[in-house]
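Chemist: The lines below spell out each chain.
There are 6 protein chains.
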Amino acid sequence: MTNWTRVDGRFADELRRVSFDRSCSLYAEGSAYVTWGNTQVLCTASVEDKVPPFLRGSGQGWLSAEYSMLPRSTHSRKPRDISKLKLDGRGSEIQRLIGRCLRAAVDLERLGERTIWIDCDVIQADGGTRSASICGAFIALVDALGWLAAQKLIETDRIYTQVAAVSVGKVNGRLLLDLCFEEDRIAQADCNVVMTSAGQFVEIQGTAESGGSFDRQELDDLLNLAEEGLQTLFARQSEVLA
Amino acid sequence: MTNWTRVDGRFADELRRVSFDRSCSLYAEGSAYVTWGNTQVLCTASVEDKVPPFLRGSGQGWLSAEYSMLPRSTHSRKPRDISKLKLDGRGSEIQRLIGRCLRAAVDLERLGERTIWIDCDVIQADGGTRSASICGAFIALVDALGWLAAQKLIETDRIYTQVAAVSVGKVNGRLLLDLCFEEDRIAQADCNVVMTSAGQFVEIQGTAESGGSFDRQELDDLLNLAEEGLQTLFARQSEVLA
Amino acid sequence: MTNWTRVDGRFADELRRVSFDRSCSLYAEGSAYVTWGNTQVLCTASVEDKVPPFLRGSGQGWLSAEYSMLPRSTHSRKPRDISKLKLDGRGSEIQRLIGRCLRAAVDLERLGERTIWIDCDVIQADGGTRSASICGAFIALVDALGWLAAQKLIETDRIYTQVAAVSVGKVNGRLLLDLCFEEDRIAQADCNVVMTSAGQFVEIQGTAESGGSFDRQELDDLLNLAEEGLQTLFARQSEVLA
Amino acid sequence: MTNWTRVDGRFADELRRVSFDRSCSLYAEGSAYVTWGNTQVLCTASVEDKVPPFLRGSGQGWLSAEYSMLPRSTHSRKPRDISKLKLDGRGSEIQRLIGRCLRAAVDLERLGERTIWIDCDVIQADGGTRSASICGAFIALVDALGWLAAQKLIETDRIYTQVAAVSVGKVNGRLLLDLCFEEDRIAQADCNVVMTSAGQFVEIQGTAESGGSFDRQELDDLLNLAEEGLQTLFARQSEVLA
Amino acid sequence: MTNWTRVDGRFADELRRVSFDRSCSLYAEGSAYVTWGNTQVLCTASVEDKVPPFLRGSGQGWLSAEYSMLPRSTHSRKPRDISKLKLDGRGSEIQRLIGRCLRAAVDLERLGERTIWIDCDVIQADGGTRSASICGAFIALVDALGWLAAQKLIETDRIYTQVAAVSVGKVNGRLLLDLCFEEDRIAQADCNVVMTSAGQFVEIQGTAESGGSFDRQELDDLLNLAEEGLQTLFARQSEVLA
Amino acid sequence: MTNWTRVDGRFADELRRVSFDRSCSLYAEGSAYVTWGNTQVLCTASVEDKVPPFLRGSGQGWLSAEYSMLPRSTHSRKPRDISKLKLDGRGSEIQRLIGRCLRAAVDLERLGERTIWIDCDVIQADGGTRSASICGAFIALVDALGWLAAQKLIETDRIYTQVAAVSVGKVNGRLLLDLCFEEDRIAQADCNVVMTSAGQFVEIQGTAESGGSFDRQELDDLLNLAEEGLQTLFARQSEVLA
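Residue numbers (this note's numbering), protein chains in the order written: chain A, 120 to 361; chain B, 120 to 361; chain C, 120 to 361; chain D, 120 to 361; chain E, 120 to 361; chain F, 120 to 361.
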C-alpha cells in the first residue's frame, strides 16, 4: 500500500472529514447539517401529532423518512421528481433504508402516538449520501426527542439507540473505507453497513457492480473496515450530542 | 415613527442584512447562497446544451426557473410536491415570476441555442423568498455567463442587465420595506417590485390581503420605498460581482 | 395619435364590446357568460356545504377558483391538462389571481361555513381572458349570494364589494387599454389591474415582455387608462345586476 | 299510451329539439355547437400535421376524440379530471366511442398523414351527451374536411360517410326515444345506436341498468325507435351541411 | 361452409375449450382461473367491509371491478399502466363493463354494506378476454357469496343471477362465434353479448371495425349465434358450481 | 433443535419445494412459472430492439426489471399502483434489486444494442417472492438468450453467469433457511443472499426487523445457511435448463 494513494490522497482505511452542525434549523424540532468531505446533507426531524392509519389507537409512534437530492447537488443537473411525476427509484430505495435504520434507533412504543418525519436533503453529493443521511438523521432525531421531553410530551428522551452508517467498497481490487464519488463510480463492490454503537447490525447492503463481484473473505474484510470507520463516527456523534 | 418599532426592531425603510455567497456550489456553472435575515435560498444556474422545441433552429437561447421549498424550511412541515403528485400552486406562480425576471436580465439571442436552468431552493423561509431568489439567481446567472465565456461558448459575458427584487407592504396601516414572515402574515397589502439597475420596471405585483386594500397614493409611496431598497440591493450585488 | 389605428380599429383608450349573459346556466347557483370582443368565458359559481380543513369549525367560508381553456379556444389546439397530468402553469397562476380577487369581493366571515367554487372556462380566447374571468365571476358570485339569501342560508346577500379587472399595456411604444391577442403578443409591457368600485386596488400585476420594460411615468399613465376602463366595466356590471 | 306523458311532455317516439350552430368557432378548422333540448355540446375538429407513431410512413391519417364535461354542466359540480389526476372512467369510455364512430365516418387512407382531433366539451348536460357529441362531431368533421380541400391538402372533401347517434331506452316498462336526464336516471335499459345514413350499424351499446334487463323483442323494438329518430337527425345534419 | 375452416379449425358456431379452476387462490374469498383456448384470466373476488361514500348508511352493498393485462400476456410487451401514470383506455372501458355486468348478477341490497372487488388479470391473451373475465368473475362472485354465507355475514348466498358473456363477429363476411385474436384482428364487426341464464340481456356491445359495418339482419344472426354459445357457457358454469 | 418444528414442519435448513415451469408463456421470448411452496411468480423475459438513451450508439445492451404483485396475491387485497398513481415503494426496491442481479448475470456488451425486459408478477405470495423472482428470471433470461441465438441475433447464448437467490433469517432467536410469510412476519433479522454458481456474491441485503438485530457471528451463520440453500437452487435451475 505504499506505492499508491486514493484519488483524494486518503489511506484505504481513512474516513473523510465529517462534521455535524447540530440544531441548524430555525424551525425543525431537530436538525443537523452534515458535512462529509464534499458531501453535504441537511437532516431535519419534524414531530407530527398523528400516526399512519395502521397505528391509530395503538399508543405507539412511527418514524418516516424522505430523501431527496437538490437538482444541482450532482455533476449534471438532475430533474426534480415532480417534473416527471415519479419518485426517483434510487431515492425511494434510500429513503426506505433511512426509515428502517432510524426506526431501529428509537423505541416507538415509548414515543406515543406521534410521527417523527426525517427529511434528508442532499445539498451537494460526492458519494456516501446515504451514510451521511443516516448519521445526521440520528443527531436530528435525538434533538427532536429532547424537544419532546422538554415539552413534557414524553417522560424521557433516553429512548434511543445510537446508530451510524458508513460505506466500504472494492475499487481496482483494493478494499476501501468511505468511497467518494470518483471511487464509487468504478467500484467492483459497494457495501453500506449500519450498526448500533453496541456492535449489532441494523442493516447491511452489499452489491457487486460494474461486472465485479466479491467473495466471503472480502466481505469479511470489508466488514472489518466498516466497523473501524463506525467507531470514529460514533465518537463524532457523541461529541456533538454531549 | 418614533414610538414604535417593527417586530425585529428595524425602521420602516430598513432592509434586513443580505449577503450572497457566490460560487458556493462545487458543480453548478453559477451559484449563490443568499442569506437575507433568517431567509436562506440556494440559487444555482445550470447550462444545458439544448432549447425547448419552440426554439430549435432559432439560434436563440432560453432560461427556465424552478422554485421549491425544503419540507422544513417553514414553521410546520410542508409535504413535498411529489408526495401529492402536484406542483404547489404558489411555487408554480413564483417560479414563473423568477423565470420572467431572469429572462428579462439576459440577452437570449446572444446566448446561443442553450438553456440556463435557474434553481432556487429555499433552505429556510422567513418572508421575502421570491425577492431573495431573484437577487441570488441574478448572481448565479452572471457566474454561468462567465463560465460560458471562459469556455469560449459565447463571445462575451456582458450580455446581461442587472435586476433585483424587493418586497414592500402595508402592515397595520404602515408602509414597510422588506417584510419578514411575521409582518407578511398580517399585511393588508403586499407588493413585489422587480427593477433593472437602470430604473426600469421588470415586474410589479401588488396584492391586497387579509381583507385589506390600497389606493393610488399608497402604491406610489410603496414604489418609492421599493426603489430605495433596490438601490442597496444593486450595490450589494455589484460588490459581490466585482 | 391621429395617423394610426389599433389592429381592430379601436382608439387607444377604447374597450371592446363587453356583455354578460347572467344566469346562463341551468344548474349553477350563479353564472355569467362573458362576451368581450371575440373572447368568451363561461363563469359559474357553485355552492358547496363544506370548507377546506384549515377553516373547519371557524364559522367562516371560503372561495376557490379554477380557470381552464377549452382545447380549441386558441389559434392552435392546446392539449388538455389531464393528457399531461399537469395543471398548466399559466392557468394555475391565473386561477390563483381570480381566487384572490373574488375572495376580496366577498365577506367570507358572513358567508358561513361553505365554499363558493368559481369556474372560469374559456370558450374562445382573444386576449383579456383573466379580466373577462374576474368581471364575469363577480356577476356569478352575486347570483350565488342571491341564491343563498333566497334559500335563507345567509341573512342578506349584501356581503360583497364590487370588483372588476382590465388589462392595459404598451405596444409599439403606445399605451393601450384592453389588449386583444394580436396586441398582447407583441406588447413591451402588460398590466392587469383589479379594483373595487370604491377605487381601491385589489391586485396589480405589471410585466415587461418581449425584451421591453416600463418606467414610473408609464406605469402612472397605464393606471390612469385602467381606471377609465374600469369605470365602464363597473357600469356594465351594475346594469346587468340591476 | 294515451293516459301518460313523458316528464317533458314528449311522445314516446319524439326527439327533443336539435340544432347545430355550424362553424361557431373562430379558430377551429371545423366546429358545431349542438343544442339538443337542454343539452349543449361544443364540438370542434382540429387538423394536426402528424400521425401517431404506429402510422408514421403509412400515408394514412388518424382521428382521435376527447370528451369532457365542464365542472358545472351537471346538477352538482363535478371536479375536473386534473384535480384528481385521473381521466374520468365514463368520459374515457365515451371518448373511445366517439373516436371509433368518427373514424368509421371518414376514409382515413385518403386523409393523408394527418390527425383530426375531435373535441366534444359538454357545456350543459341533460342526457344524451354522447349522441349529441357524435352528431355534432360529424358536422365539425365535414367542416374540417372542407377546410383541407380548400387548402388543397386533400383532393376532395367527399371522403366521408354520414353518421349519427341517438339513445333509446326502457323507462317504467315503456320504450322511449331520446332519454333526457330524468328518464335516463331511472331507466331499466339504455341503448345508444350509431348508424350510417345508408342504414348500417356503426355501433350499438345496450345496457341493463338499475336492476332491470331487456329481451330480444324489446331490443328489436328499441332499434326500430332508434332508426326512426336517426332519420330525423340525418335530415337535420343534411340541412346544416347544405 | 364446407370448403373452409377457421384459423384454428373450428366450425363457425364452435366455442373454444373453456374451463374454470374454481377456488384457485389461497387467499381470495372467491376465485376462478379461466382457461379459454389460449386465453387465460385469473379472476378473484375480495370482500371489503365498507362501501363507497355515496352508499354509506344505505344498508346496500357495492361491487367494483378491475381488469388488467400482464405486460407479456400479449404478442409484444405492453408497458404497465403505472409506467405511464395512466389507466389504459381499453382496460378502463372493459373494467366498467365487467363491473356493470356483475352488479347486474348480484342483489346489492341483500349484500349488506360491503364491497366485492372483482379483479380480472389477464395472464395470456388470445381474444375474448372480456368474455372470459365476466364468465370467471361470476364463478368467483358465487364463491365469495358462499364465503359470506358461511361466515353468517349474509343470510343466504342465493342472491345472484347467473350471467355469462361471449363474443361473436363478422370475419371475411362470415358470422363466427367466439373470435380468437387472429380473427378479432381482421373482423368487420365484433359484438360482445352478456346475458342472464333466464335469457335476458345484461349488455350488448356491437362495433363495426376495420372499415366494416353490419346491418339489422346480421345483428339478428349474430345474436342467435351468441345465444347458442351462451347455453354452453351456462352449462359449464353450472357444472363447476355444482 | 430436536424439540421444535417450523410452522410448516420444515427443518431449519430446509428449502420449500421449488419448481420452474420453463417456457410457460405463448408469447414471451423467455419465461418461467416459479412455484416455491405456496409462492407463485410468473417471470418473463422480453426482447426489445432498443436501449435507453444513455447507451445509444454504445453497441452495448441493457436489462431492466419490473416486479409487481397481483391485487389478491396477498392476505388482504392490495390496491393496484395505478389506483394510487404511485409505484409501490417496496416493489420499486425489489425491482431495482432484480435488475441489478440479472444484469450481473448477463454479459451486456455481447448482448448487442437491445434491452431484455424482465417482468416478475407475483400470482401468490407466501414469503420469498424476491428470491423466487430472481431464480425464475434467470431461467427466463437464459430462454431469451437461446431465442436470440436461434434468431442469429447473437453469436452464442453462452453469455451468462448462473445466479440464484435465497432468504435466510432469525426467527425467535433461531437461524432459518427460506422464510415463509408467517416466519418473515416475526423475524428479528431477514437476509437475502444472491450469488453466482461460482460462489461469488452478487448482492447481500440483511436487515434487522421488529426491534431485533444481529451480530457478526449470526451473519456468518446465516451466510452458511444461505450457501447451502443456494447449492440446491443451482441444481434445480440446471436440471430445468438441461
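Worth flagging that the hints you see were computed from the coordinates, not collected in a lab.
Please note that a few of the clues may not be correct.
Note: identical chains are not told apart, hence a pair may lie in one copy or across any two.
As the list claims (entries may be wrong) - Straight-line Cα separation of at most 25 angstroms, DSS-like style, residue types lysine-lysine; simulated pairs:
#	residue 1	residue 2
1	K169	K271
2	K203	K169
3	K197	K169
4	K271	K203
5	K205	K271
On a predicted model such as this, the values are computed, not experimentally measured, just so you know.
Chemist: Evaluate each hint against the coordinates.
Modeler: Taking the hints in turn, this is what the structure says about them:
For a Cα distance limit of 25 angstroms, the shortest separation of K169 from K271 inside one copy, 17 angstroms, qualifies, whereas the shortest one across copies, 36 angstroms, does not. For the identical chains of this complex, K203 and K169 are inter-copy neighbours only, at 18 angstroms across copies versus 30 angstroms inside a copy, given an alpha-carbon limit of 25 angstroms. In the homo-oligomer, the alpha carbons of K197 and K169 lie at most 25 angstroms apart only across protomers (15 angstroms), although the nearest pairing inside one protomer, at 33 angstroms, exceeds that limit. Taking the shortest alpha-carbon separations for K271 and K203, neither the intra-copy value of 43 angstroms nor the inter-copy value of 33 angstroms comes in at or below 25 angstroms.
Taking the closest pair of Cα atoms, K205 and K271 never come within 25 angstroms of each other, the shortest separation being 40 angstroms inside a single copy and 37 angstroms across copies.
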